[in-house]
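**Student:** Can you make the complete structure from the sequences, with help from the hints?
Numbering (our numbering), first residue to last: 35 to 73.
Quick caveat, the hints were computed from the structure, so don't treat them as lab data.
Idealized CB from N, CA, C, for every residue including glycine.
Just so you know, not all the hints are guaranteed correct.
Have a look at the derived ranges for each label pair, beta carbon to beta carbon [claimed, not checked]:
#1 Ser44 <-> Gln66: 30 to 38 Å
#2 Asp46 <-> Gln71: 32 to 40 Å
#3 Leu47 <-> Phe67: 25 to 33 Å
#4 Gln71 <-> Gly38: 43 to 51 Å
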Amino acid sequence: MNLGYCTLQSVDLFWVGIHHHFQHFLVKTLLQFWILQAD
35 MNLGYCTLQS VDLFWVGIHH HFQHFLVKTL LQFWILQAD
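**Tutor:** Here it is in structure tokens:
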């Protein structure tokens with residue numbers, strides 16, 4: 035297996051993970067804000 039390719043895969047997974055986590059955090063924050071506004 036190519037080491038460069040393996041590293042690329044790891045970095046890609048890392049960024050996908052960060053993006054997914056950030057998206058989840060953003061949605062959670064928006065929902066909380068929306069609920070507070072509705073209240």
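**Student:** Look at each hint and say if it fits the structure.
**Tutor:** Going down the list of hints, with the structure as the test:
no., hint, result
1, Ser44 <-> Gln66: 30 to 38 Å, "holds (33 Å)"
2, Asp46 <-> Gln71: 32 to 40 Å, "holds (37 Å)"
3, Leu47 <-> Phe67: 25 to 33 Å, "holds (30 Å)"
4, Gln71 <-> Gly38: 43 to 51 Å, "holds (49 Å)"
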